[in-house]
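A.B. asks: Using the sequences provided together with the hints, build the complete structure.
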Amino acid sequence: MAVFPRRRLAAVALAATTALLVTAGCGSGDEQGGDGPVTLTVDVFGQFGYEQLYQEYMAAHPDVKIVERGTGTNLDEYSPKLTQWLAAGRGAGDVVAIEEGLLVEYKANPGNFVNLLDHGAADLKGNFLEWKWNAGLTADGKQLIGLGTDVGGIAMCYRKDLFSKAGLPTERDEVSKLWPTWQDYIATGEKFTAAKTGASFLDAATNTFNTILLQTAGNSSGYSYYDTSEKLVVDSNPAVRQAWDTTMDIIDSGLSGKYGSWSEEWVSAFKQSKFATIACPAWMTGVIEANAGPTAQGKWDIARVPGNGGNWGGSHLAVPKQSKHQAEAIELAKFLTSAKGQIGAFKAKGPLPSSPQALDDPAITGAKNAYFSDAPVGTIFGSGAKSLKPVYMGPKNQAVRTEVENAVRTVELGQRNPGQGWTDAVNNAKKAAAK
Amino acid sequence: MTVQLDARPPVVPAPPQPPRGRFSRLDTRFSPYLYIAPFFLIFGVFGAYPLAYTFWVSLHDWDLLGTDHPFVGAENYTRLLADPDFWHALVNTMGIFVISTVPQLLAALWLANLLNRGLRARTGWRMAVLVPNVTSTAAVAIVFGVLFGREFGMINWLLDMVGMDPIGWKSNRVASWVAISAMVDWRWTGYNALILLAAMQAIPRDLYEAAAIDGASRARQFWSVTVPLLKPTIIFCAIIATIGGLQLFTEPRMFNSGTNPIRGGPLRESQTLTMYMFENAFAPHYNFGYGSAVAWLLFALIAIVAAVNVLILRRLGGGARPSARKGTTR
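If you read the protein sequences in the order shown, they are chains R and F.
For the first sequence, the numbering used here begins at 1 and goes up steadily by one.
For the second sequence, the numbering used here begins at 1001 and goes up steadily by one.
All the pointers check out, no bait thrown in.
Residues from chain F shown here face chain R by an in silico Cβ test under 7 Å; the list is partial: (1) G1149; (2) S1171; (3) T1259; (4) P1266; (5) F1282; (6) H1285; (7) Y1286.
Hint data in this document are derived by calculation from the structure and do not stem from the laboratory.
The C-beta atom is built at its ideal place from N, Cα and C for all residues, glycine as well.
C.D. replies: So, in structure tokens, the structure goes:
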């Protein structure tokens, strides 16, 4: 073989190598060129109910196109992805939703987000419940990471058909009277269980535990696993222990269906009418409707939550610094979190507004939910919203909560007795907080 | 066509060549390196660099979102070695590995033996055993996760039909291993059976004829002729199964649905090492340094198991085929 073809091969190899280097070197092909229409990506989880609002916004801003990702995904899938995007410096949307439990962790590294105070957000303070506004601020109060979307006022959703089968009242005011306290709720559950309807009284002890904890904490110290100086107090905060003990009573009375929350089995249990009540933050109504499906329409209703009030969940919208269209993204986030935007979301999927103006709006106060037997959701969730007491969440709240929830689950499944479960909860929580 | 890379002059005297230029000489010297460069570049970018970077990260206290990552030396490793959850995940991984691999290889051997006989529609059967391997792992895991459900699962329903108590497949450690092994076996038994079948067909027929003349039964022929001659292939299958088994992720991850499935159950019943790595590096801990340390220990573990495999291969596999021995002793 002559030299020439060999040289040609060398040239080919060189070209291939160069091509490889070039491809490895530049991975971004999504650069927006010039003054053309701007595409904004919005990252959410669960059900935010923004579809209609996007259409409206795009109609008013012809130069903006909105793409949403993530509706219907679990928070457990969403939050690691968002964290990876932030860590990698690319991949995150222009507007991202942050759930309250993760907000503290993100606030610890505020450099990842645009400071909304630099973009005229300070004028919007009056549009939000005070604590919701404050939750978006960093510890020194100098940076605003996110604008509040919803708050998680809690009620108790229940199945009228199963209640009637068990000989219990079905009308929502009468049902509310059944359980002024959690002990009354347990007593009602025992009556329900004795009637042998083939269904359990509640879905999973973990959901109920979270509700009781956030309610108890909100009504007492205002913090749960961490105190406001960010010290882990899982074993010394009476609110945690009280919620634990009440949950143990629930498990002990055999009220739980043990359907691990958010699992396939939990979804099946909705479809097969396997439990009669579920602790119900405002955003849960959308989840119930999606899981139980159209055949259960009108079988569900909403009553007061036992105990007094409480807040579980709720999110903020933030703009990552990596966004290439920060100005446009900030405008969109402001629109979606405005009173008008929050009302639109509430009408679509039920998340309760964090804007006092929205909460007073007749569109909210008069709102009824057809799926839940026309329950007046506007008053059920909305009336207590302004007096909601926030619960402070510490830096590793998510990891600690995971450990305590799993300890509840081991007792529920009979793998541990309540005493061992508590020891596990405390030890594993400490370990998780130290990681 | 192959490229001739050596620069030795041909044996037949060549016509006088024009004096070589500098470029030409450089070409002869360096172009071979250029030819093999793409592999090394790709390996460097996607193999060596991530490995080294992971090691670098594992020496730091590296919060995924944080901006400064202080150097901590071997602290992540010392903490990890004293971490009971790490050892727990290791035991899970090895347990699932053993429960899945042993029956899988036995079943594959049996299947291959069946397929090696004069069946009707032989090709159809042979293709059929490979079909599970074509399906997506995630889909398999989701379906099996439902089958093994505590209350609505079909397996517990069948157990109930024959009067047995339902099993908490997701909350009982050994039961969850069995369920996950069932998934792995469903997917990989056919694949291994085909590999073993190919090796079986390479066994000379006259050996069987001789055995038959000596009066050996079919079973005797299988154990005394087929199995010994299949040893190298069986070991190959075992190595492939080892690599897959120690990195098991999708099956146990999708098997556990609900909140924080990455834990593999409330008491980490079916959490494998790769899941533990993910739990630490990403949600909910975001401790990239600690997760990287898990990755490196997993790497070390695979290297050790692979070395053990090679030792076994040298001891056992050599006798079967001369070419195989040549391959290993070189």
